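Participant: Listed below, chain by chain, are the residues.
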Amino acid sequence: MSARSQRATSLEAVLDTARLRRDFPILDLKVNGKPLIFMDNAASSQMPRQVMERWVKYRSEQHANIHRAVHYLSETATAEYEAARRKVQVFLNAPEDREIVFTSGTTDGINLVAHGYGRRFFGPGDEIILTTLEHHSNIVPWQMVAAEKGATLRVVPVNDRGELLVDEYRKLFNAHTKFVAMTHVSNALGTIAPVKEMIAIAHEHGVPVLVDGAQAVPHLKVDVRELDCDFYVFSGHKLCGPTGIGALYGKAALLEKMQPFKGGGDMILSVTFEKTTYAPIPAKFEAGTPPIGEAITLGAAIDYLSAIGLERIAAYETDLLDYATDQLHRMPGVRLIGTAEKKAAVLSFALDGVHPHDVGSLLNDDGVAIRTGHHCAQPVMQRFKVPATSRASFAFYNTMAEVDALVASLGRVQKLFA
Amino acid sequence: MTDSRQLYQEMILEHNKKPRNWGLLADATHKAEGVNPLCGDHIHLSLRLAGDTVEAVGFEGEACAICKASASMMTAIVKGKTRADAEQMVQEFRDMTTGKLDPAGPHHLGRLTVFAGVRDLPTRVKCAILPWHTLHAAFAGTDTASTE
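Chains U and R are the protein sequences, given in the same order.
According to our numbering, the stretch in the first sequence is residues 1 to 418, in order.
According to our numbering, the stretch in the second sequence is residues 1 to 148, in order.
There may be inaccurate statements among the hints.
Straight-line distance between alpha carbons at most 25 Å, and here's what the computed BS3-like set of lysine-lysine pairs gives [stated by the list, open to error]: (1) R:K100 to U:K385; (2) U:K415 to R:K31; (3) U:K342 to U:K221; (4) R:K81 to U:K415; (5) U:K385 to R:K17.
These aren't lab readings, by the way, just hints derived from the structure by calculation.
Please read these numbers as outputs of a predicted model, since none were measured by experiment.
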């Protein structure tokens, strides 16, 4: 038995990928006459039939506006929406369901905290700590609030492997430090940040921490109580759920101190033209009719992934990433960007003499979908002195055979450009 | 969907590897910068006009093969042309790559018809057009051209 097939056998023991793949209708697609090999999961992952069916059930049997009327459908929709909130609560191991706010996604969640917390509590001379690894969505909202309040951003550097320098981070704290916003897993490099340790350091200085979990929740078991983070945000569509929905976890005491981000219906207790009394959390942050069906469908996605088990998903993907890393290491002319010791299933790389955009187009001819570009993380690109990278990002439904196909396709690109 | 391999022809690959007129002019009379923010193509273009004629042209940048080859072939073809002729080629190139000009019909693009295939690859049209936008910006005296 070859090393490759031994490895494949042990991988199948971790996860029955062949069976799971049948849940994803899109994986049967042919692109340019070739079977689709979808390796752009860090941008958005695919949806299994069970999750799609939840949407159909909601639309067929349960839809009405929530929190309003007393009729059957409104009560059903409200109950299902609130049940989805509890699913998110359990998924993140949050202490209370009122600490879960539905948002339109990670970006919306970060903006909510930047405005709801930052605009209330930041002032001139204050400092906000971010890291080099941040996605633009965890930079720009803080920049906007900082500009308005006269605050400044401080940035935690990374080493050449793409790992955050915790000692440098420690030195950034001073009496002006008011907030830390950091990613859990880098979307561009795959680095898993030592968030628990970094949160503890921030708390020694009495500084709250927001963790951007967009890339973490599909790949790791996240426990906000164990991390002791103050805020945690993620998106549904990277979790085999729909777009337009995500969630924010925030400690109740902090959410209660924050000002609402958006005003409107559903977030009030009473309104006169003189004064509005806001609803308690989480309603205070959910103005207007929310994406009800999307929230319920996200709940189904959480059920689907939880049934497989995030620990098993993580174990499988780690093996797959190791295999892919080995294979790419063996190819001359391939440079991996982001070689942190702790990584999630993201492989960013540069091919000597070939621009990533060309790599992406040519791989597409072979049915292989990867992302090329700056991955909305231009500071990471600047740090590694590349304009862009090619990025293959895996989900639990990717296989070793697909990694082999990626490698073969890259070989053909190199030959064309030789 | 068109196979993009049809686009990566010998001529484009060769111009990508050995771009003509690489390097900026020290005595440029016109220059501009072109950016494709979505994919990161970024080129600098410099021209020296003698009267109304493009006497010299040079470019530099970080770009994909389609963009770099387009820039290389563009600089080769506009050298010695009048500004009006070059601007007409900008228009024709745009029209060809967006499917409004038949590469088999009358035009002044010569071998640049090798780029006609990008009209079937919407994500790559901007790569091919960027140098031409940048040329137009340089003539017009605007500093930057963007595909967005």
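Participant: Each hint should be assessed against the structure and marked as holding or not.
Facilitator: How the hints compare with the structure:
no. : hint             : verdict
1   : R:K100 to U:K385 : violated, 39 Å
2   : U:K415 to R:K31  : violated, 36 Å
3   : U:K342 to U:K221 : holds, 15 Å
4   : R:K81 to U:K415  : violated, 37 Å
5   : U:K385 to R:K17  : holds, 21 Å
In the structure shown, a violation is registered for the earlier hints numbered 1, 2, 4, in ascending order.
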